[in-house]
Amino acid sequence: MFRQVKRRTAGRRNFEGTYTPRNDLPNHRLSFYDVPPTEEITLEQFESWAIDRLKILIEIESCMARGRSFRETETAVRPLLQKLLPLGTWPVNNNSQIDELKKDYYSHFILRLVFCRTEDLRRKFVRNETVLFKIRYNAMQPKEQHQFITNHHDKLPWNYIDSDEKLALFDQLFAATGATVKSALAAESDGQITTDQLRAHFRNENFIKVPFEKITSLVATRLVLLKLGYGYVPSTLQLSLLALEFQELLQRDLLRTFQSIPRLEEDDRLLPLLNHLGQNFASMEYDPAFSADPSLVSDINAASVTTPAITNHYPLCAKHLQTNMIASSHLRHEGRQQLSLFLKGIGLSVDEALKFWSHSFTSGPHAMTPERFNKEFKYNIRHTYGLEGARTNYKPWDCARILLRPLPGKNEYHGCPYRDLSVDALTTQLGEMGVGAVDMKGVLNDVERKDYTVACTRVFEITHNVQAEHIGHPNLYFDRSRQLERAKTETA
Amino acid sequence: MADPVPSQAAVPADSGVSSSDMLFFYQRLLPFRQIFQWLNHSPKPSKDFTMREFAYEYRTGAYQRYNSFSNLEEFKKSVVQANPTRFEVGAVYSVNPKERKRLPKQALKPLAKELVFDIDLTDYDEIRTCCSGTDICKKCWRFIQVAIKILDAALREDFGFNRLIWVFSGRRGAHCWVSDARARCLDETTRKSIVEYLDVLGSRLNRQGKNLLSLKRPFHPHVERSFDLLKNEFVDIILKEQDPWNTSSSEPSDKSWEQVETLLSYVPEKPLQEELRRKWKLQTSVSTSMSKWEDITVIAKKILKHQNQVNALNEAKKDIILFYMYPRLDIEVSKQLIHLLKSPFCVHPSTGNICVPFDPHHNLSNNEEDDDYGFNPTNAPNLRQLQNEIEVWDVRRVNRDSSQPLEDGESEADKRISEYEKTSLKPYVEYFQKFVNNLLKDELKDSGKRGRDDDTLEF
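From first to last, the protein sequence lines are chains A and B. In case it helps, the working numbering puts the first sequence at residues 1 to 492. In case it helps, the working numbering puts the second sequence at residues 1 to 459.
A couple of the hints might just be wrong.
Beyond 10 Å from chain A on every Cβ pair, some chain B residues (computed) [what the hints assert, rightly or not]:
(1) S78
(2) E157
(3) T189
(4) K240
(5) D295
(6) N366
(7) D446
In silico EDC-like links for lysine to aspartate or glutamate, alpha-carbon gap of 20 Å or less [stated by the list, open to error]:
(8) K335/B to D199/B
(9) K302/B to E332/B
(10) K319/A to E334/A
(11) K410/A to D123/B
(12) K134/A to D253/A
(13) K216/B to D171/A
(14) K410/A to E275/B
(15) K166/A to E157/B
(16) K410/A to E332/B
(17) K101/B to E388/A
(18) K227/A to D199/B
(19) K335/B to E334/A
(20) K214/A to D187/B
(21) K182/A to D171/A
(22) K44/B to E443/B
(23) K139/B to D442/B
(24) K270/B to D319/B
(25) K155/A to D253/A
(26) K105/B to D120/A
No wet-lab data here; the hints were simulated from the structure. The C-beta atom is built at its ideal place from N, Cα and C for all residues, glycine as well.
Let the sequences and hints guide you as you build the complete structure.
The structure is reproduced here in structure tokens:
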């Protein structure tokens, strides 16, 4: 209680002007962005700086949506950073560099205004900014990194363990983190590290001790030693801790920005700009319209969704789910969820959906009784349409979401076939869709690079004989395919 | 969720546990007070209890969520009245779950729940040979016993939890409830990370054709400790009792050969694999798992030339031991804060077994044969048996009363005996009570500390 009051007055003083802006504000190339900028900038700067930063965040977002690893994202984003938001070298020493740092600092705060408005936007912004933070931290020299950490000791209460504790735990620390430290060392020194060298390094390594709640990703991957609720983190792994701190601070601050936005809403110079910027980001995402074109939707019903006239437009994932469901008269929960939301997205009404599911589950060799269907599955279908329980109108899953869900087990067909099927099975399936041997190679290459959505988009291009934008949503695949077909029949 | 169906017509369930049996159990045997104290963390009703979600499952299959109670009496009264086949415990919410309809949807936020784990023998079907599906025996329960040892050690030593209790799930598995204050307020990301830390076999198990564990060497200390626990039991549990690679019978089942192939897939070096496969295919007489395990070493000596290859084989053997014995976890249960789990002391609707908390290190039942074995699920207290025990006890008392009239004091003491004390449920309730008392002591200490901190802040 007491602490809170104190903080509030401190904040107030900010606005009353007794606060002097930190002169050293953009003096570091990396920042927690914990003090808002106070100098004036022009409207043009306001807009162009924001757009430049937005471009970078969009690139990060799209890398993540395609399931790229952090390293791959890093490689993709670095050149863009160099072009749009360069930060010069360290230590900071000339005026043009100060301007670069200023641009970075201001653009971050402008985008906070844009992205603080909804839960969804906040989450995305925090995620992408955190990736950006990590990329930049990685690009820094160890010395600069070290200085950054000492500068922020108030936020990073890292407890270094003493040498007695380290000695007592030495073997366990070595077993838990040896490999990680080794690869980090090898990357730095461009050479092989012998076990003896590694042991020697370990003797000088500074471990910090952190409650395990603070290092979830390191716990999950078993990369650190855990003892009585504390994780022992070597210096090479401390970045993820930093990133977490960054993320938490930003989350908190965004919410605060959101709460204070009403005071800003009166400003009619900035608002249109902010709205415009927000739309830019939102338009990257495909939002399956529940108000889909009625003329296209009218022919979607329980009977038609099993006919080739409709299924020919399905992306492989939906096809895979539906075929296997019909073959086995059943679909496990994850698959049911994925398919039924996809069908909802293409315009299958709840009544038709119930007909479709009950027919599929109650006919065929492994059929169940209609009573069992009504008792165990009807609720589930109605739930996806927002008619039961929390009554949430669930959206069809996009590829990013599908790729994040648990992998399909035995007798499960959800997920992304490009990722989950064996090469043989995938080749057969794609062959049936009309992908020839020459094109097949390209698709399989994408799959090997784990660019599953790129593979899927390529299949779309091959089977429809067009150039297509990147497809990141099964329903987008379907809609585009139908639009193309309609365009063709109209011209014919 | 579905609306409750309160009409409890006496439709006999397929199980043999009738609704009147259940009513009897709720009215007379279920230790409501202990469950209340366990979830409440304090003598007086606190938010930890009053904002806790309970769910009922009814005979009809209907499932009623978001029940909540303001005190022990209301809790018991509601369960007796609803007479569900079982009730489940959910999370503590920011508002009273039963009032959720009057509040905006965002108001109902889960705040805390015990960290829970669920191990089920059905997940061992691919490796156990003694039973399958819903059946269990003393042999396959040993999988659960080693699983408990491993999880118990990790939760205590690595994560620093102390207040955890193991509960028989009534048929073929066990639940673990971690009640430490620190565990209760973990968010979902952290829960997920704990589960992944413990889930050494991981999702690799699900992906066909990829059995190899690819665990990094040297083993992480948790994996190393688990391996040390497992290697001692491998000979008994796998080689002797389960004997999964036994192909000696005249017509060995396909499953044994499948298992042999799984075993071979772990063996490094193609020539060694081939040689072993050839030898085993030719064997017509006895070919047990034990002999196959020894064959690997013997034949390796002939075929492998380099120390590297021998080392690789030794590492592969470790993988095999881990693959065959490391706990298989139902991870979804542990990850979600709002996930519900059957309460301790419920009755399993199909078996009639009571979901008793048990001590993994020590047999609680009066059955001396199990003292070397530990908790034996096939001897777990069963509702039928408890009913008989109460009857016998009551008859005995009537006899005693009529033969020699008791002093007033003694009959008073008699009356104060809870019904469960007349039955074999008694040691389990007492074990649970001890666990709850320790938990309450912790909470009291914590709240004392918190109180003092508040004081210093005030001034």
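Status of each hint after checking the structure:
no.	hint	result
1	S78	22 Å, holds
2	E157	7 Å, violated
3	T189	5 Å, violated
4	K240	29 Å, holds
5	D295	30 Å, holds
6	N366	36 Å, holds
7	D446	15 Å, holds
8	K335/B to D199/B	12 Å, holds
9	K302/B to E332/B	46 Å, violated
10	K319/A to E334/A	15 Å, holds
11	K410/A to D123/B	12 Å, holds
12	K134/A to D253/A	19 Å, holds
13	K216/B to D171/A	15 Å, holds
14	K410/A to E275/B	31 Å, violated
15	K166/A to E157/B	17 Å, holds
16	K410/A to E332/B	17 Å, holds
17	K101/B to E388/A	14 Å, holds
18	K227/A to D199/B	18 Å, holds
19	K335/B to E334/A	16 Å, holds
20	K214/A to D187/B	11 Å, holds
21	K182/A to D171/A	15 Å, holds
22	K44/B to E443/B	13 Å, holds
23	K139/B to D442/B	37 Å, violated
24	K270/B to D319/B	17 Å, holds
25	K155/A to D253/A	14 Å, holds
26	K105/B to D120/A	17 Å, holds
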